[in-house]
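Taken in sequence, the protein lines are chains A and B. In terms of our numbering, the first sequence has 159 at position 159, counting the first letter as 1, and numbering is strictly consecutive. In terms of our numbering, the second sequence has 212 at position 212, counting the first letter as 1, and numbering is strictly consecutive.
Just so you know, not all the hints are guaranteed correct.
[Claimed, not checked] Over the 12 Å line for every Cβ pair with chain A, so calculated as not near, a few chain B residues: (1) GLU15; (2) PHE23; (3) GLY24; (4) THR57; (5) SER83; (6) ALA101; (7) LYS143; (8) ASP163; (9) ASN200; (10) ALA223; (11) ALA246; (12) SER256; (13) ARG275.
[Unchecked claim] Cβ pair distances, simulated, as ranges: (14) A:PRO15 with B:THR68: 47 to 53 Å; (15) B:PRO84 with A:GLU134: 24 to 30 Å; (16) B:GLU157 with A:GLN110: 42 to 48 Å; (17) B:ASN82 with A:ASN131: 17 to 23 Å; (18) A:CYS111 with B:SER60: 36 to 42 Å; (19) A:GLY112 with B:ASP235: 54 to 60 Å; (20) A:CYS111 with B:GLY21: 50 to 56 Å.
Hints are computed from structural coordinates only; laboratory data are not their basis. Keep in mind the model is a prediction, meaning the values are calculated, not measured. Just so it is clear, CB atoms sit at the ideal spot from N, CA and C, and this is done for glycine as well.
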Amino acid sequence: MAKAMTKHSDAQSIPVSFTLNGRLQEIEVEPHELLLDLVRDQLGLTGAKRSCDVEVCGACTLLVDGRPVSACTTLAFEVRGRSVLTIEGLAQDGKLHPLQEAFIEYGGFQCGFCTPGMILAAKALLDETPNPSEAELKHFMHGNICRCTGYKKIIESIMAAAKKMRAKA
Amino acid sequence: MLRRFRLEEPESVAEAAELLGRFGESAKVYAGGTELLLAMKEGLVQYERLINVKKLTGLSDVTTADGTLVIGALCTHHQLENSPVLRDKLPALTKLEQNVANVRVRQVGTIGGNICFAEPHADPGTLLIALGATMIAEQSSSKREITAEDFFVDAYETALQADEVLTKIQVPIPAPNARSAYLKFGYLERPSVGVAVAFNLNGGVSGVRIAVGCAGPAPRRVAEAEALLEGKSKDEALRHVAEAGAAAGRAAQAISDLHGSQEYKEHIVGVLLKRAFQSALS
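Here chain A stands alone, though its shape is the one from the complex (with noise of 0.2 Å):
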């Protein structure tokens, strides 16, 4: 895919290899480009959203090596060497995660835009913590913002996911 910006004739290049949703991509990238356009703009996965743009929020939650991270606020070559997961690379041949499908069920989401940061983020934290208590999920989720649902639901739809994932495991 042919870079679109500018060129700048003194720019320093780093070359970037890394894993995008299982597959690999090597890239380069300037020192200066955030990790949320690289994604968004030349990546086009616009999932993860530009909100508060101070890492506050969690609409740009991204995984790097199954870890959350403000891509807003990730410099882009810091991705070098590891795995980074976006929500367009949550679902596999077509079929939903557990928490995609606990989110439609439980009426997890309204207008969306907090969901693919909140989805991602609630998978980390079931990585990490496969039977969170309430306070826990509230700890670890308190980075993500929402303005329509007033948190009951999501609450509902991780641990809806979360019983369901521990009994597939």
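Mind docking chain B on chain A? Use the hints.
Here is chain B on its own, set in the frame of chain A:
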């Protein structure tokens, strides 16, 4: 979109310090970037070069040596909240680290970066002062110790020189009868008031250290409040804790801002000191 900068990736502390010395104010140390990149995005600061220190080795461990806990400056908050050594020796710091910002900031933000950026509304500095911590600052071929009390000079200003790299934070391992607690308060994204207390309990309270953070431009030790509790019996100290809280509030150099008026913050300091003291005693 950030403004363009060059990335330097030194592989030793000496190299990092040399780069800082060479490029001066046009270069900045970059670790997790959770504070720095925000300031750059908002156009508050601008650098021609970022010195990525994440390739430096030996600065991401928590170890003990001769009764001292040594925390590498590159330890992330996530590492610290999960460190068994830290939980064993300094559970108050473990609890503080569990509650820094949010899970994403904790994932990549470092304790060294946190205290070097010296954002007033931050947590670790306040407790480190109460615990009597010492920072190790290194240049190309020398190192020095800076006490936590002396480290925080003003908002966004530390005692580090331009070409010094913070490498370690040393905390004396508390004695078996030592107690400490850190409590914070705030409704905004960053803490509005933070109070840390540490003392030895042996019949009475001694070696009292109290620090207040977030309310003023830099976390500071409040000797005025310590004196009101020092050497008293447990019950007598509890009777004086409100007075100590008022003294701590006045000494906090609280400023009125979005986080609250000066009077409000001073009041909260008093509340937190009482609760922290009670928490530490229990």
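- request: Could you tell me which of the numbered hints above are not met by this structure, giving the numbers in increasing order?
  value: 6, 14
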